[in-house]
Amino acid sequence: MLQLVVSGLANGSVYGLIALGFVLIYKATEAVNFAQGDFMMMGAFVTIWLANSHYLGLDFWVAVPIAIVIMAIAGYLLDLLVVRRLFGQPQIATVILTIAIGFILRFGAGAIWGHEPQWLETPFAGREVRMFGLVLGLEEVAVVIVTLILTWSLFLFFRRSKLGLAMQAASQNQLAAYYMGIPVKRIQSLVWALGGAVAAVAGILFASKGAVDPSTGLLGIKAFAAAVIGGFGSLPGALVGGLIIGLVEPFAAYALPAGYSQVAPYAIMLLVLIFRPAGLFSQVQKKKV
Amino acid sequence: MSAEPVLKIDNLESYYGPIMAIRGASLEVRQGQIVTILGANGAGKTTLLKTISGVMRPAKGTILLNGDPIQGRDADFVVKKGLVHVPEGREIFPLLSVVQNIVLGAYVRSDKAAIARDLEMVFTYFPALGERKEQPAGTLSGGQQQMLAIGRGLMASPEVMLLDEPSLGLSPLLVDEIFSILKRLNTEQDMTVLLVEQNALVALDVADYGYVMELGRIVMADDAQVLESSKDIQSFYLGAVEETQRGQRRWKQRKTWR
Ligand SMILES: Nc1ncnc2c1ncn2[C@@H]1O[C@H](COP(=O)(O)OP(=O)(O)O)[C@@H](O)[C@H]1O
Ligand SMILES: [Mg+2]
Chain H
-7 MLQLVVSGLA
3 NGSVYGLIAL
13 GFVLIYKATE
23 AVNFAQGDFM
33 MMGAFVTIWL
43 ANSHYLGLDF
53 WVAVPIAIVI
63 MAIAGYLLDL
73 LVVRRLFGQP
83 QIATVILTIA
93 IGFILRFGAG
103 AIWGHEPQWL
113 ETPFAGREVR
123 MFGLVLGLEE
133 VAVVIVTLIL
143 TWSLFLFFRR
153 SKLGLAMQAA
163 SQNQLAAYYM
173 GIPVKRIQSL
183 VWALGGAVAA
193 VAGILFASKG
203 AVDPSTGLLG
213 IKAFAAAVIG
223 GFGSLPGALV
233 GGLIIGLVEP
243 FAAYALPAGY
253 SQVAPYAIML
263 LVLIFRPAGL
273 FSQVQKKKV
Chain D
3 MSAEPVLKID
13 NLESYYGPIM
23 AIRGASLEVR
33 QGQIVTILGA
43 NGAGKTTLLK
53 TISGVMRPAK
63 GTILLNGDPI
73 QGRDADFVVK
83 KGLVHVPEGR
93 EIFPLLSVVQ
103 NIVLGAYVRS
113 DKAAIARDLE
123 MVFTYFPALG
133 ERKEQPAGTL
143 SGGQQQMLAI
153 GRGLMASPEV
163 MLLDEPSLGL
173 SPLLVDEIFS
183 ILKRLNTEQD
193 MTVLLVEQNA
203 LVALDVADYG
213 YVMELGRIVM
223 ADDAQVLESS
233 KDIQSFYLGA
243 VEETQRGQRR
253 WKQRKTWR
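Chains H and D are the protein sequences, given in the same order.
Under my numbering, residues -7 to 281 are what the first sequence spells out, in order.
Under my numbering, residues 3 to 260 are what the second sequence spells out, in order.
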């Protein structure tokens, strides 16, 4: 039973990190990047390509930062070259665009790396840790720990650093940020870069505890539900939303007839929307027009 | 008074799409002055300030800051050059704390020690902000938010501050307080101010020089005292109505304002 909890938390961490990406980009630019799940998948494949022995075979600890940087640059360029051009268009334009980018990434990954499920070769694969009298997979424990550290670092980054504050400022009042000499457009591209980097970490974590294939990114829909549960504006909320969904899934699978468990994340999302429409971690904020 | 103006605007034109909002405005602001732009709602005062600070691009004309052209440049360039715009309606960052708001005003600067000094200076001029450092800015009163917007602007260490209707929606008592702080900043910190106001009485009180704007044009320019005693200004902005001269005043209005 507790093993079930831990593996649920590990899955939930990945959902939470993808949800974090949704929230980051939404808060800063009011766009929802529906390709966030596919970004995660790309991050996973890029790392596999760099690190696995039958590809480039780099050392794991070298491959990871390179993959993160590659995905950050991809996020930055996506905003700079594509998303920014839609400025002033209705929001649906960005929605359609990012959905289309998701398709392209799925096809692209399939064309480059094939459609077979693949694993990331990690130094901690197959190892076990003993905690609280339990035997747990090191991967799963690492996933949870890395996620907590990353969320906490992001939280501090937004609180303390000049760039983090500027990102918050640009999301709360874009015009005022511009008046203060904050280069709002560059800041927004940097937020997309951050979204890419977080997606890469999510992908690395996902691929180190299970197999990825090009359609793995579709679990971004669950992460979207997680972001909604968390209030779609709060970083800790996104993480908690992800953990909730990660925990509910295995138990729903255990308790409910096959098939129903797949619906559980969305059922929770609906319940949250009905009883707490602003999400569990809502911030009260009146948007300036 | 120095020979060259800090800010010199020549024949500026700005559009909202096809609508021409600034129709060839020219003005000058000299070092250490408070210069005010008066004008009715919709005259184009805000648009003029936005064009100066780089929020909007002019279609025509030049803007010289210390002799260097800044027209058409982005706001971050203009702020770095020493001109900051404190916008109409405060425009604070509601969920950030007071001190975070203020510190963001120094975004374009990197001189840590001087920034820390200026932060202390802001709190000495606006003690109410110092008492509420950690409070979310959105929970401040209107007057405090206006002080915050000015304090945040000060953090850019500007040579010239553009200030758009700081009196808007504030009680007369608060307006007096804010304008006396403004006057102190002007004399003690040698800050040059271009002040847009609908409240002509308080603006002319602190200003050295004034312009009157109507329908995108400058229609009048003179020393503040002269404007203060001018019949047109009195009847339009200071609420003085001389019953016996009503006919003559109407005629004069048409002549001067159209
Ligand atoms: N965003 C906008 N789009 C179109 N027209 C505008 C916009 N903002 C202002 N205007 C028009 O430009 C003119 C000048 O406005 P503004 O500069 O705000 O005047 P003021 O600040 O003197 O009240 C007005 O006629 C106003 O209707
Ligand atoms: Mg105005």
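The hints are simulated quantities; they were obtained by calculation from the structure and are not laboratory data.
All residues carry an ideal CB built from backbone N, CA and C; glycine is no exception.
Each hint should be verified, as a subset may be incorrect.
So the derived label-pair ranges between C-beta atoms look like this [claimed, not checked]: (1) H:210 to D:135: 34 to 40 angstroms; (2) D:62 to H:84: 51 to 57 angstroms; (3) H:58 to D:15: 30 to 36 angstroms; (4) H:82 to D:122: 34 to 40 angstroms; (5) D:25 to H:82: 54 to 60 angstroms; (6) H:80 to D:173: 54 to 60 angstroms; (7) H:65 to D:219: 25 to 31 angstroms; (8) H:246 to D:91: 54 to 60 angstroms; (9) D:122 to H:265: 44 to 50 angstroms.
Verification of the supplied hints:
1. H:210 to D:135: 34 to 40 angstroms: Since residue 210 (chain H) and residue 135 (chain D) have Cβ atoms about 47 angstroms apart, the given range 34 to 40 angstroms is violated.
2. D:62 to H:84: 51 to 57 angstroms: violated, 37 angstroms
3. H:58 to D:15: 30 to 36 angstroms: Check failed, 51 angstroms falls outside 30 to 36 angstroms.
4. H:82 to D:122: 34 to 40 angstroms: violated, 47 angstroms
5. D:25 to H:82: 54 to 60 angstroms: violated, 33 angstroms
6. H:80 to D:173: 54 to 60 angstroms: violated, 39 angstroms
7. H:65 to D:219: 25 to 31 angstroms: Between residue 65 (chain H) and residue 219 (chain D), where Cβ atoms are some 50 angstroms apart, the hint is violated.
8. H:246 to D:91: 54 to 60 angstroms: holds, 56 angstroms
9. D:122 to H:265: 44 to 50 angstroms: holds, 47 angstroms
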